[in-house]
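There are 4 protein chains.
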Amino acid sequence: MLDNQKKNNVKETLHSKNKIVNDPVYGLINIPSKPIYDIIEHPHFQRLRRIKQLGLTDYVYPGAVHTRFQHTLGAVHLLTSAINVLKSKNIEITVDEEKAATLAILLHDIGHGPFSHSLEYIIIKKYGHEELSLLFMESLNKEFDGELDLAIKIFKNQYHKKFLHQLISSQLDVDRLDYLRRDSFYTGVSEGIVGSDRIIKMLNVVNDQLVVEAKGIHSIEKFLISRWLMYWQVYLHKTVVSTEQLLINIFKRVKYLINQKKDIYLTKELKFFLNNPNSDTSDISIVLNNFSAIDDSDILGSLKRWANSSDKVLSMLSEKLLNRKLLKIEIQDTPFEESKISKLKKDASSLLNLTEQEVDFFVFTDHISKNAYSTFDDKIQILYKNGTIVDVAEASDMLNISVLSKTVRKYFLCYPKEIDI
Amino acid sequence: MLDNQKKNNVKETLHSKNKIVNDPVYGLINIPSKPIYDIIEHPHFQRLRRIKQLGLTDYVYPGAVHTRFQHTLGAVHLLTSAINVLKSKNIEITVDEEKAATLAILLHDIGHGPFSHSLEYIIIKKYGHEELSLLFMESLNKEFDGELDLAIKIFKNQYHKKFLHQLISSQLDVDRLDYLRRDSFYTGVSEGIVGSDRIIKMLNVVNDQLVVEAKGIHSIEKFLISRWLMYWQVYLHKTVVSTEQLLINIFKRVKYLINQKKDIYLTKELKFFLNNPNSDTSDISIVLNNFSAIDDSDILGSLKRWANSSDKVLSMLSEKLLNRKLLKIEIQDTPFEESKISKLKKDASSLLNLTEQEVDFFVFTDHISKNAYSTFDDKIQILYKNGTIVDVAEASDMLNISVLSKTVRKYFLCYPKEIDI
Amino acid sequence: MLDNQKKNNVKETLHSKNKIVNDPVYGLINIPSKPIYDIIEHPHFQRLRRIKQLGLTDYVYPGAVHTRFQHTLGAVHLLTSAINVLKSKNIEITVDEEKAATLAILLHDIGHGPFSHSLEYIIIKKYGHEELSLLFMESLNKEFDGELDLAIKIFKNQYHKKFLHQLISSQLDVDRLDYLRRDSFYTGVSEGIVGSDRIIKMLNVVNDQLVVEAKGIHSIEKFLISRWLMYWQVYLHKTVVSTEQLLINIFKRVKYLINQKKDIYLTKELKFFLNNPNSDTSDISIVLNNFSAIDDSDILGSLKRWANSSDKVLSMLSEKLLNRKLLKIEIQDTPFEESKISKLKKDASSLLNLTEQEVDFFVFTDHISKNAYSTFDDKIQILYKNGTIVDVAEASDMLNISVLSKTVRKYFLCYPKEIDI
Amino acid sequence: MLDNQKKNNVKETLHSKNKIVNDPVYGLINIPSKPIYDIIEHPHFQRLRRIKQLGLTDYVYPGAVHTRFQHTLGAVHLLTSAINVLKSKNIEITVDEEKAATLAILLHDIGHGPFSHSLEYIIIKKYGHEELSLLFMESLNKEFDGELDLAIKIFKNQYHKKFLHQLISSQLDVDRLDYLRRDSFYTGVSEGIVGSDRIIKMLNVVNDQLVVEAKGIHSIEKFLISRWLMYWQVYLHKTVVSTEQLLINIFKRVKYLINQKKDIYLTKELKFFLNNPNSDTSDISIVLNNFSAIDDSDILGSLKRWANSSDKVLSMLSEKLLNRKLLKIEIQDTPFEESKISKLKKDASSLLNLTEQEVDFFVFTDHISKNAYSTFDDKIQILYKNGTIVDVAEASDMLNISVLSKTVRKYFLCYPKEIDI
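Top to bottom, those sequences are chains E, H, W and Z. If you use the working numbering, the first sequence corresponds to residues 2 to 422, in order. If you use the working numbering, the second sequence corresponds to residues 2 to 422, in order. If you use the working numbering, the third sequence corresponds to residues 2 to 422, in order. If you use the working numbering, the fourth sequence corresponds to residues 2 to 422, in order.
For the record, the hints were derived by calculation from the structure and aren't laboratory data. Some clues are possibly wrong.
Here are some, though not all, of the chain Z residues that point toward chain W, as calculated from beta-carbon distances under 10 Å [said to hold, decoys possible]: (1) V61; (2) F70; (3) S82; (4) G302.
Which stretches of chain W does chain Z cover? Using the computed rule of at least three CB atoms under 8 Å from a CB of chain Z, they are [what the hints assert, rightly or not]: (5) 40 to 47; (6) 62 to 71; (7) 176 to 190.
Glycine is no exception: its CB is placed at the ideal position from the N, C-alpha and C atoms.
Go ahead and model the full structure; you've got the sequences and the hints to work with.
Laid out in C-alpha cells, this is it:
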C-alpha cells in the first residue's frame with residue numbers, strides 16, 4: 002500500500018497517459034492528447050462513425066462496413082509511425098509540426114458526406130470533399146482559437162517542409178497506405194495487402210522532400226500494383242459500379258421531382274440542400290452544420306420512404322437498391338453499340354411500362370477510367386545510397402511501372418435484370 | 002477454341018457452381034444454391050445487412066461495425082465444415098438434413114431487430130428474438146411451399162438427430178463459434194480468439210448427441226475462457242453498458258411521452274409498435290412486415306429528430322447518445338449505497354435543472370450477471386478413446402471449469418459526467 | 002455410459018479417422034491414410050525434416066528455417082483442396098487418381114538433398130533433384146508393391162488426364178502455390194503473400210487441361226508478380242547469393258583437395274559420392290540409401306571440421322560461412338570490368354596472403370537470370386464465360402504480364418569484406 | 002541530383018541508421034547499433050542460429066523449427082517496446098540503462114546448448130543454462146572492455162531499479178511474452194496466442210517495481226491461462242515427452258559405454274565433456290569455447306553414427322529417434338502399477354532380446370509436474386487507479402488464478418510400440 006502522496010502521483014501518471022484504441026488492423030493505437038482528442042470528440046468528427054468508408058461496396062464484399070472514423074484513426078497511427086521513423090533518421094520535426102500534421106491528417110476526410118464517391122457534387126453542388134474538409138478545418142480553427150493554423154498551412158501545402166504535406170497528401174501518403182490496407186482487410190481481398198510497415202521504415206527526407214530509400218523499391222512496386230488491383234477488384238468492381246449508378250439515378254430522380262414541384266419525403270437537411278439550388282452559397286457555418294447532420298442513416302431512411310413514393314420511377318429504383326435487386330451491368334473496352342442500347346431501352350420500356358424519358362433511369366451507359374501511377378502529380382522519389390534520386394517510374398527495373406501510368410478506360414452498360422438478353 | 006457443343010457444357014459448369022463470398026474472417030465462403038441462396042436474397046434477410054451485430058459497441062471498439070448478415074454467413078460456413086467433418090467420420094447426414102440444418106442456422110438470427118440486446122422486448126413486447134426467428138421461418142416456409150419443414154423441426158429440437166439442433170443451438174454451437182471469433186476479430190480484442198477450426202475437427206456424434214473427442218479438451222477450455230473474457234472485455238464492458246442504458250432510457254422516455262399523448266417523431270413502423278400497445282397481437286404477417294422494415298438507420302434517424310425534440314429529457318438523452326457524450330458509469334461487486342445515489346440525483350437535478358421524476362433518466366443503478374458455463378443447460382460432452390463420455394465441467398483437470406459455472410453479478414451506477422464527484 | 006458393443010464402434014470410429022497435423026500456415030491439415038501415411042513414416046521421407054526449404058536463406062531472414070517436410074505436407078493440403086474444388090465442379094476424379102496425385106505431390110521433392118539449390122549436381126553429378134525424386138519413387142514403388150504405379154505415370158506426365166500432372170508440376174502448380182506462401186510467411190516478406198485459396202477456387206478443367214476461370218485473373222496476375230518479387234527479395238537476394246557462392250566454393254575446394262589426395266574430413270556418405278567420381282553409376286539402391294543419409298546436419302558438421310582444416314583456403318572459407326563473415330557482393334546490370342576484378346584479386350591476394358589460384362575462391366564474378374512467366378512452358382490458361390480460353394500473357398489487360406516473360410540478367414561480384422574499396 | 006556535399010550527408014544518414022530484420026511474428030525489428038550488433042555477430046551468438054528453440058518438438062508440430070536466435074531478437078524487440086512505453090509514462094530510464102537491459106535480454110539464453118531442456122546437466126554436469134549465460138556474459142564483458150558491467154548487474158538483480166531485472170526475468174518478462182507468442186505461432190497452436198502488445202502497453206513502474214495497470218488484468222489472466230495450455234499442448238505434450246526421454250536415454254547409454262571404455266563415436270567437443278567427468282572445472286574459457294562449438298547438428302550427426310554402433314541398445318535407440326519410431330507413452334494422474342511395468346519389461350525383453358539391465362532403456366516410468374503461477378516467486382502486481390497494488394492471484398475475480406498456482410503432477414510410462422498391450 003502506498004502513502005497518500007505517492008498515490009496522488011500514481012493517479013496523475015495514470016490520467017496523463019494517452020488514450021488507447023483497439024484497431025483490428027494495427028492492434029492498439031495511441032491517440033495523442035489535446036487538442037487531437039478534443040477534436041475527435043467534436044460532433045463534426047463523431048459523425049464519421051456513421052459514414053461507411055466504402056459506401057455500398059458491402060453489397061459485393063459484406064465485410065466492408067468499416068467507417069471513415071476508423072480509417073482516419075488508422076491514418077493518424079501511420080502518420081505517427083512515419084514521423085517517428087523520420088525523427089530517428091535525424092530529420093528535424095518539432096512538437097508543433099507533429100501536432101499540426103496530425104491534425105491535418107485527422108481532418109483530411111472530414112468533408113466527406115455519406116456515399117461520398119457517388120453523391121459528391123450531388124448533395125452539395127459547389128464543393129468537393131477536399132474543399133469541404135478545408136472549410137470544416139477553418140471553422141474548427143475558429144472554435145479552437147487558432148490551434149489549427151499550422152495544420153491548415155500544411156494541408157494547403159503552404160509550409161516550407163513540403164514532406165509534411167506529402168505525408169498527408171501525395172501518391173504515397175498515409176491516407177492511401179491506410180485505406181488500401183484497411184479496405185483489403187475488410188473486403189477480404191488479399192490482393193490489396195500493402196507492406197505499409199516496411200514502406201514507412203524506408204521513408205526519408207532530402208531537401209524537404211519525401212523520398213523512399215532504394216531498399217524499399219520492391220515494396221513501392223508492390224504498393225502500386227496492389228492499388229491497381231484494388232481498383233479493379235473493389236473500387237471499380239462492376240457490381241459496385243452498378244450499385245453506385247442506381248444511387249446516383251435515385252438522386253437524379255429526386256431532383257427532377259423537386260423541380261417538378263412534386264411532394265417528396267426529405268429530411269430537414271436534405272431539403273436544405275436539394276430544395277434550394279443556391280444553398281451552398283449561404284453562410285458557411287449554416288452550410289457546414291446542415292452538411293454535418295447528414296450521414297448514411299439519412300440516405301438509408303430516405304430510400305425506405307422513397308420505395309413507397311407515388312412516383313413509379315423513384316419507388317422502383319429505391320426498392321431495387323434497398324433489397325439489392327441491382328441492375329445488370331456489362332463492361333467492355335469499347336463503347337457499346339447504339340443499336341444494342343436502343344433495343345434494351347425498348348425492351349425495358351415495354352416490360353416495365355416506362356416512358357421514353359423514364360427508361361433512361363434504368364438503361365444507360367457511361368465509362369470509368371483510371372491509371373495506377375500518375376507521372377504528372379508529385380512523383381514517388383527513390384533515394385539511392387550514392388545520393389541520387391530517381392522517379393520510381395524510371396527506377397523500377399523489375400516491374401514496368403511506367404506501363405501502369407497509362408490510363409485504362411472501360412465502358413459499362415446497365416439494364417434491368419428482368420430483360421432476357 | 003472450343004466447338005459450340007463444348008462451349009455450352011462449359012457455360013453450364015460455370016453457372017451451376019455455387020456462389021462465393023469473400024469473408025474477412027474465413028476467406029472465401031461457399032454459399033450453397035437453392036433454396037439457401039433464394040432466402041438470402043429475400044428482403045427479410047437482406048435487412049440484416051443494416052443491423053450491426055454488436056449495436057453500439059463501436060463506441061468503445063470502433064472496428065466493431067460488422068453486421069448480422071456477415072455473422073449469419075459465417076455461421077453457415079462453420080456449419081458446413083462441421084457437417085463435412087462428421088460425414089468424414091461416417092455419421093450419416095442426408096442431403097435433406099444438411100439443407101435443413103443450413104436453413105435453420107441461416108435463419109436463427111432473423112428475428113433480431115436493431116440494437117437487439119438493448120431494444121428486445123421494447124419495440125415488440127411479446128416476443129423475444131428467438132420466437133421472432135421462428136415466426137419468420139414459418140412465414141417463409143409458406144412462401145417457399147414447405148421447403149423449411151425440416152429446418153423448423155430441427156430449430157425447435159423436435160428432430161430425432163439431436164446433434165443437428167445442438168450444432169445450431171447449444172453451449173457449443175456454430176453460432177457461438179462464429180460470433181466469438183468474429184467479434185474478437187472486429188473489436189481487435191485478441192483474448193476472444195477461438196480455435197474454431199480445431200474444435201470443429203474434434204466434433205463427433207454418439208447416440209445422436211454431439212460430443213467432442215478428448216484430444217480437443219484444451220480447445221474447449223480455451224473456448225469457455227475466451228467467451229468469459231469477451232463478456233467482461235466487450236459485451237459487458239462498462240462503457241458499452243452505459244451506452245445501452247442510454248438507448249433504453251431514450252425509448253422509455255419515448256413511450257412515456259406517447260402515453261402522455263405528446264406529439265413525437267416516429268417512423269411509420271415504430272409508430273405501429275410503440276403507439277399501439279397491442280400491435281403484437283395483430284395478424285402475424287403484418288407484425289413481421291412492419292418489424293422487418295425497421296433497422297439501425299431508423300433508430301439513428303429517429304435519434305437525430307429526438308435530439309431536437311421539445312421534451313428536454315428526450316432531447317438531452319438523444320443528443321448525448323448521438324455525439325457520444327455518455328453517462329459516467331461505476332461498477333462494483335456490491336449494491337451502491339442509497340445515500341450516494343440520492344446525493345447524485347440531487348446534484349444532477351440542480352445542475353441540469355431536472356424534476357425528481359426526470360432525474361431518474363440520468364442517474365440510476367442496476368446490475369448485470371453472467372456465468373461462463375451453465376451446468377443446467379445441455380452440457381458439452383467429452384468423448385474418451387475408451388468410449389466413456391464426461392461433462393466438460395468434470396473432465397477438465399487443467400482448468401477449473403466448474404468454477405466458471407458460478408454466476409458473477411456486478412452492480413453499476415450511471416450519472417452525468419458533468420457532476421464532479 | 003455406453004455398453005461394450007457401442008464402445009467398440011466408437012473406438013473404431015476414432016481409430017479410422019485421418020491423422021491431423023498443425024500447420025502454422027493453413028491451420029489443421031488432414032493427412033490421408035494408407036499408403037500416404039506409411040510413406041511419410043518412411044526414413045527416406047522423415048529425412049526431409051532435417052533439410053531446410055531455403056538452405057542458408059535464414060542468414061538474411063532469420064525466420065526462414067522451415068523444412069522440406071513442412072512444404073511437402075502443405076502442398077498435399079493444397080492438392081486436396083484443389084481436387085475437392087474440381088470434383089464440386091463435376092470434373093471426374095476417381096479415388097485411385099486422387100490417391101496417385103497425392104502420392105506424386107508428396108514425393109515431388111524427395112530427391113532434394115541438403116542446400117539443394119547450391120549443391121545440386123555437386124554432391125551427385127549425374128542427377129538433378131527431379132530425376133532423383135523419380136528414382137526414389139520407383140524404389141518406393143517396389144517396396145510398396147506397385148502402389149505408386151499411377152503416381153509415377155502422373156509425375157512423368159504420361160497419364161491422359163493432363164490436369165493431374167499440371168496440378169503437380171506447371172507454372173501454376175500446388176508446389177509453387179505452397180512454397181510462395183510458406184516462404185513469404187517464414188521470411189516475413191509480405192510481398193510474396195499469394196491468395197492461394199482464391200486461385201484454387203477458380204480452377205477448372207477443360208479438355209483434360211487445367212484452366213483458371215476468368216474471375217480469378219487478377220489473382221493470377223498477383224501470383225506472378227508476387228513470385229517475381231520473391232525472386233528479387235528472397236531467392237536471389239544478394240546476400241543469399243553471396244552465402245550460396247561461399248558454400249559452393251567450399252565444395253569446390255573439397256573436391257580439389259580430394260583430387261590432390263589430401264586427407265580431409267568426410268562422413269561415410271559424402272565420401273561415397275565425392276571420393277568416387279563414378280559413384281552415381283553404382284547400383285541405384287546403394288546410391289539412394291547413401292544420398293538419403295545426407296542432410297543439413299552433415300554439411301554443418303563438416304563445415305565445423307573443415308574450419309579447422311590444415312588447408313588454409315578451406316578453413317578460411319568454412320570459418321567465414323559458419324560465423325556469417327560473408328563475402329561482400331555487388332550486383333549490376335552489366336558485366337564487371339576486368340580491371341576492377343584484377344585489382345580486387347591482387348588486393349585480396351596480398352591482404353590474405355593467397356596464391357593466384359587460391360584467390361579465385363575469394364574473388365569471383367558470375368551472373369543470375371530469371372523471368373517471371375515463361376511463354377515456352379505450359380501456359381496458364383484463362384477460361385472465359387463464353388467458353389474461350391486464352392493464355393494469361395494475352396488475357397491480362399490490367400498488368401502487362403507479357404513484360405514479365407522477358408529474362409532479366411544480373412551480374413554479381415564477390416570479394417572479402419576486409420578489402421577497403 | 003544533389004551536389005557532393007549533400008550527397009555525403011545523405012550517405013551518412015543512410016549508414017547511421019539501425020539494422021532492420023524481418024521477423025515473421027512482429028514484422029520489421031530494429032536492431033540497435035553498437036555494441037548490441039557487434040555481439041550478435043559474435044560466433045558465440047551466431048551459434049544460436051543452429052539451436053532450435055523447442056528441440057525435438059517438431060516431431061509433433063512440424064512447424065516448430067524456429068531457433069533461439071529468432072527468439073532472442075524477438076525478446077529484444079519486446080524489451081524495446083516495453084522501455085518506450087515506460088518512458089512515455091515518465092519513468093526515468095537512461096540511455097545506458099536501456100543499452101544494458103537490451104544486452105541482458107540479448108544474452109539471457111546464450112547458455113543454452115542443443116536440446117537444452119533434455120540435455121541440460123547432461124552435457125555439462127555443473128552448470129544450468131542460466132549460470133552458463135552468466136559465464137558467457139562475463140567472458141564477453143572482458144572481450145568488450147567492460148561494456149557489459151551494468152547488463153550483468155541487471156541480470157543478477159543487483160541493480161536498484163528492480164523493474165529492469167523484472168522485465169528480463171520474472172513471471173511476466175519479455176522472455177515469456179516472446180516465447181509463448183512465438184511458440185504458438187510456429188506450432189500453430191492458437192491456444193497460446195498472447196496479447197503481448199496490450200500487456201506491454203499496460204506496464205508501469207511504482208517504487209522501482211514493475212506493475213500492470215488494472216485495465217490489463219484480463220490480458221494477464223489470458224496470458225497465464227495461455228501459458229498453462231501451452232504446457233499441456235506443447236511443452237509437456239506426451240509425444241514430446243516420449244521423444245525427449247528417448248534422447249536422454251541415448252545419452253545415458255553413451256555415458257555408460259564411455260564408463261565401460263567402449264569405443265564410441267564422439268565429436269571433439271562432446272568428447273571433452275562426456276569423456277572427462279571433471280571437464281567443467283577446467284579453465285572456464287576452454288569450457289565455454291568447447292560448449293559454444295556444440296549445436297543441434299552435432300547431436301543429429303552423432304545420432305546417425307550411433308545408429309550404426311555395435312552396441313545394440315545405442316543403435317536401436319538412435320535409430321528409433323532418427324526415424325521417428327518413438328516409444329509409446331501413457332499418461333495418468335497416479336503412479337503406474339508395478340505389475341504393469343514388470344509385465345511390459347518382461348515382454349520387451351523377450352520381444353527385443355534385451356537383458357534386464359538393457360530393457361530399462363526401453364521401458365520406464367517417471368513424472369512431470371507444473372504450476373501455472375507461482376505464489377512464491379516474484380508476483381505479478383496489479384496497479385489500481387486509486388494507487389493500491391494487489392497480487393494478480395487475489396486481484397483476479399473473473400478467473401480463479403489462485404487455482405492455477407497449485408502444482409499438477411502427471412505420471413508417464415514409456416515402452417516400445419511393438420508390444421501389443
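Cross-check of the supplied hints:
| no. | hint | in the structure |
| --- | --- | --- |
| 1 | V61 | holds, 8 Å |
| 2 | F70 | holds, 6 Å |
| 3 | S82 | violated, 17 Å |
| 4 | G302 | holds, 4 Å |
| 5 | 40 to 47 | holds (count 3) |
| 6 | 62 to 71 | holds (count 8) |
| 7 | 176 to 190 | holds (count 5) |
The earlier numbered hint that this structure contradicts is number 3, and it is the only one.
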